[in-house]
Amino acid sequence: MTQRQKALAIALALVAAAATVVRVTAQFGVPEIAFDSADPLKWPANIHLGEAAGVATNSKGDVFVYTRTGHPTMTFGTARPFAHGGSRLFQFDRTGKFVREIGQDSYGFLVAQQLRVDPQDNIWVVDQMSSMVIKFDQNGQIQMLLGRKSESERVPAVAPVPPAAVAAGGEGRGGGGAAAGGRGGGAAADAEAVPVGRGRGAPGAGAQSDVFNGPTDVAWDAAGNIYVADGVGNARIAKFDKNGKFIRSWGQRGLQPGQFNTPHGIAIDAQGLVYVADSGNRRVQVFDADGNFKTQFLNVGTPAALCLTRGSRQFLYVSNSNPPTDLDVNGEIYKIDLSGKLIGRFGRAGKLPKEFDVANAIDCRVDNELWVGELGSWRVQKLALRPPN
Amino acid sequence: MPALLRRACSLLFVLSFVALNASPALAQAKAKAQNVPEIPYDSVPNLLKMPPGLYLGEAMGVATNSKGHIFVFTRSANTRLFEFDEKGNYVRELGEGSYGFEFAHSVRVDPQDNIWAVDEGTNMVIKFNPEGRIVMVLGRRPPAALGMLQSPSGPPPPAEKYTLGRPTDVGWDPQGNIFVSDGYVNHRVVKYDKNGRFLRQVGSERPGSEPSQFNLPHGLAVDLQGNVYVADRTNNRMQVFDNNLVLRAIYDNIGTSWSVCVSPGPHQYLFTSNSNPNGNGPGTWENTGEIYKMELDGTILGRFGHASKEFGGFQVVHMMDCRNPDQIFVAEIESWRVQKLMLKPQAAKVASNK
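Going down the list, the protein sequences come from chains A and B.
Residues 1 to 389, numbered by the working numbering, are exactly what the first sequence covers, in order.
Residues 1001 to 1354, numbered by the working numbering, are exactly what the second sequence covers, in order.
Check each hint, because a few of them may be wrong.
Straight-line distance between alpha carbons at most 30 Å, and here's what the computed DSS-like set of lysine-lysine pairs gives [as the list claims (entries may be wrong)]:
(1) Lys97/A - Lys1127/B
(2) Lys1194/B - Lys354/A
(3) Lys1191/B - Lys354/A
(4) Lys382/A - Lys1067/B
(5) Lys242/A - Lys149/A
(6) Lys1067/B - Lys42/A
(7) Lys294/A - Lys245/A
Think of the hints as simulated: they come from the structure by calculation, not from any bench.
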């Protein structure tokens, strides 16, 4: 995909994401989960959290935050503008004490998108603008890179073309506990408008490689295979072995099972099933390890962030995040079991504690202890859930 | 004269005519108010003591807190926010490297001594607590990729509740409701509750010159009754609204209202600056540059200051602080400085009685 197409695709997806304002209706009978919120991270005086795109903990309870902060900068070389900076990665200990910064001035830190810690306590950073996935070991050394940052940027980027209309209601959405309300006209209207990458393949299918276009999240199966949600510009899941060798990718832009509109989060359960937050299509899709569609959950609104708990009985937390343009819709987080059954919900959109303002990241390593990172309000909340039993 | 040269000359003439009439000339207005008493003042010399190696750029915002500390929001290589004590000694920098700082426009301190910075480059209003930590933000900085897009052509999109278009200023009523003037892209004033939830707005994404419309709302202040005073800059007027943003009055005898300030205390005063426009166009220094002191009802009490690059004069006043109505801080765009003016209002009274 060319620079121009890439910028266009990213712009379109962002516009579409901003326009996706759909209320979740008919959530009658979903229990409210009581919870408390705390703000335990103690920041050095000269460091300020910006948009908290990614937050995750490691096995020791250390907390990592990948944030959009500082000054995203464009410099001019020959005739080409070069993008630098705009995001930073910080580590805190379990008490919230600041430990250190990791990856200072990294070439790949432009627009923070997500952060995850793998079972070996490696720290994985996903950057949307550099289209890179960066693996740090627990000492903060880079161990592996997926994707490559564009050498230069195109400024001004081309203006987005009007989104092509998506055939509304083109598929049956009524069955299987589809409580997420009717398809809004503006939802995921970016489908089919994004140019086909390099003139081959289906729209959003991307290249059969680790060339990403606005990746959003990363996950691993028990064998250490790496799955990348890709993402904003593309609409696919890419799978690599534990050494980063490309295995396969699946998906393209669209509404059908196995197709995506801004796959925004990914998680893998103990059986190796792959859960994808297909936010533009307002569903969670479930695949086997080879990308075969298994089922979908239509009852969680616009899933922007998701987290899968550990332990013998696993649950999913899914955020129906509000769009940046509106504080008066959505915002709640759902707890569902792996059959898609709603267990409970909590929170709403807002800037106060116990409210969420464009939640983008959830960490759920410890039962009933969640870390939530938000883009709209510049904060990380630590939640203590108080389930009924 | 060869035809081509003639055509070029006439084109040049037209262009210069357009330039003179369209750019700085429209941005200034001689105040209609006549025979306004001059209020004498002194400017405190060497007010801000900058540490070695630290410089002010364009001084966009100035505000004081309850202890008299002075906050200055400036466009340096990066936009930066500095704090000085009441004597002008440097205390600290706030929001160093913040994602919200790109192009300074205004800083204000609320009654609880929280510091609010308005940045028209990131489209954000950023609230710092007195300790200097960010505790709330309004608006959203467009992500870097989106920021590289060309400005869309055609009519502006409808103003959103929670995103801002080059906002200019912020104020609060006694209940803590937040008012934002917004701005260069939108032309409206938005009221949020104290938790940042949208309540209502006046104006829209489109400029207009009718009552309750704006053309570049450039500053605002709120009195203890909750009335909102808006510097409607390009319309060369100030508009006054009640707490529900219903129009109460228009003051149009004060030239171009660039910035407004309302002093606290039992008897509140209103200040507005008819700043000389950027660029020092012909005639601008003669016709503009003064600040007016008024009653809240619009009665003009006096005027002070004049356009000048010299110390004591003003070179494009961008913002005022009037916590003490006899000690006015002014931030100037083009002289990169902040002055503290000690007014002598009694002397003005004598002068006007002569």
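Status of each hint after checking the structure:
no.	hint	in the structure
1	Lys97/A - Lys1127/B	23 Å, holds
2	Lys1194/B - Lys354/A	16 Å, holds
3	Lys1191/B - Lys354/A	23 Å, holds
4	Lys382/A - Lys1067/B	35 Å, violated
5	Lys242/A - Lys149/A	21 Å, holds
6	Lys1067/B - Lys42/A	26 Å, holds
7	Lys294/A - Lys245/A	25 Å, holds
Violated hints amount to a single one, hint 4; each of the other numbered hints is respected by the structure.
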